[in-house]
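2 protein chains.
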Amino acid sequence: MNELLHLKSAGLKSTLPRLKVLSLFESGNDRHLSAEDVYKKLLASGDDVGLATVYRVLNQFEQAGILVKHHFEGDKSVFELNQGDHHDHIVCLQCGRVEEFFDATIEQRQKKAASERGFELHDHSLYIYANCIKPKCKYKN
Amino acid sequence: MNELLHLKSAGLKSTLPRLKVLSLFESGNDRHLSAEDVYKKLLASGDDVGLATVYRVLNQFEQAGILVKHHFEGDKSVFELNQGDHHDHIVCLQCGRVEEFFDATIEQRQKKAASERGFELHDHSLYIYANCIKPKCKYKN
DNA sequence: TTGCAAATGAGAATGATTAGCATTAGCAGT
DNA sequence: ACTGCTAATGCTAATCATTCTCATTTGCAA
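Residue numbers (numbering that gives the first Met the number 0), protein chains in the order written: chain A, 0 to 140; chain B, 0 to 140.
Quick caveat, the hints were computed from the structure, so don't treat them as lab data. Some clues are possibly wrong.
Same chains, same label: a pair holds when it works inside one copy or across any pair of copies.
List time: in silico BS3-like cross-link candidates among lysine-lysine, alpha-carbon distance up to 27 Å [stated by the list, open to error]: (1) Lys7 with Lys111; (2) Lys39 with Lys111; (3) Lys68 with Lys110; (4) Lys7 with Lys40; (5) Lys111 with Lys68; (6) Lys19 with Lys68; (7) Lys68 with Lys39; (8) Lys19 with Lys40; (9) Lys68 with Lys12; (10) Lys68 with Lys7; (11) Lys19 with Lys7; (12) Lys68 with Lys40.
This one's a predicted model, so the numbers in the text were calculated from it and none came from an experiment.
Using the sequences provided together with the hints, build the complete structure.
Given below as structure tokens:
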């Protein structure tokens with residue numbers, strides 16, 4: 000009943016769509032999903048939720064700290080389960096593979112860069128766009 | 000005639016709209032401008048260019064390496080003159096002030112993070128979202 | 001079980017950006 | 001300078017992701 004706890008503590012009613020979305024992320028099959036992805040996966044598994052609801056739920060979960068939202072290059076944003084550990088992302092430009100990483104030095108220097116210039120760091124987004132080195136990349140190798 | 004050289008070498012005809020857009024950026028009054036910003040500024044100065052043209056020109060300039068495009072938090076993207084020097088950005092969440100910075104160590108560690116995980120770094124985007132420390136911030140101080 | 005506010009679903013609306021197309025304007029060659 | 005042709009422009013309509021509206025449904029507390 001981990002899901003229920005999450006929802007309760009966020010002041011969210013435990014509804015079918017919310018549980019479905021949550022368990023999709025907790026199943027762990029795909030860490031990074033867009034609203035469209037979630038919508039399609041739910042449809043595919045016979046669960047009938049509206050796209051608008053998916054968007055709403057995703058955003059509520061983000062507010063509640065259950066999910067984290069990312070804007071990879073360009074258009075649609077993706078969500079991933081918030082497991083407390085902050086990390087940044089490397090995205091393969093060819094196959095889309097996403098790898099997570101954390102570098103204490105980078106974090107450190109960012110804070111420094113901000114404070115040196117009269118800012119108090121609140122947040123940051125760091126995406127590395129790269130190419131898989133063979134033979135891992137699904138497309139280019 | 001710096002502008003002309005730019006355009007020529009990019010294989011772009013030297014047209015009125017392109018010259019207008021280019022000189023807007025080269026005037027240096029605002030480093031970071033969205034398509035909408037450019038459009039409005041041109042209108043304001045009596046130059047009559049269509050919004051679609053602005054978008055087209057901006058993208059052509061990006062391809063040509065004359066401008067660089069950035070996606071700050073959320074929606075619209077902004078462009079800035081490409082002066083050869085790569086840098087990242089700090090954006091104030093309150094007043095929108097944008098400060099540029101470069102940190103060799105961060106660059107370094109990114110390359111390392113990528114290669115350690117089987118990627119060849121191609122590109123990256125790093126945005127620090129922060130709050131101005133008083134009294135510089137136009138809104139919160 | 002009842003009642004009601006909160007949540008959902010379907011479709012319309014929005015906002016940024018792009019595509020389609022008829023008209024205009026650079027510019028190379030007379 | 002004049003012709004002509006292709007690239008460029010300026011509308012407007014179209015896209016695409018995301019949000020809003022609102023009538024209907026559902027979770028849940030009394």
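Hints versus structure:
no., hint, result
1, Lys7 with Lys111, "neither (38 Å within a copy, 42 Å between copies)"
2, Lys39 with Lys111, "neither (43 Å within a copy, 36 Å between copies)"
3, Lys68 with Lys110, "both (21 Å within a copy, 24 Å between copies)"
4, Lys7 with Lys40, "within (25 Å within a copy, 50 Å between copies)"
5, Lys111 with Lys68, "both (25 Å within a copy, 25 Å between copies)"
6, Lys19 with Lys68, "within (18 Å within a copy, 38 Å between copies)"
7, Lys68 with Lys39, "within (18 Å within a copy, 32 Å between copies)"
8, Lys19 with Lys40, "within (10 Å within a copy, 48 Å between copies)"
9, Lys68 with Lys12, "within (22 Å within a copy, 42 Å between copies)"
10, Lys68 with Lys7, "within (21 Å within a copy, 42 Å between copies)"
11, Lys19 with Lys7, "within (15 Å within a copy, 56 Å between copies)"
12, Lys68 with Lys40, "within (18 Å within a copy, 33 Å between copies)"
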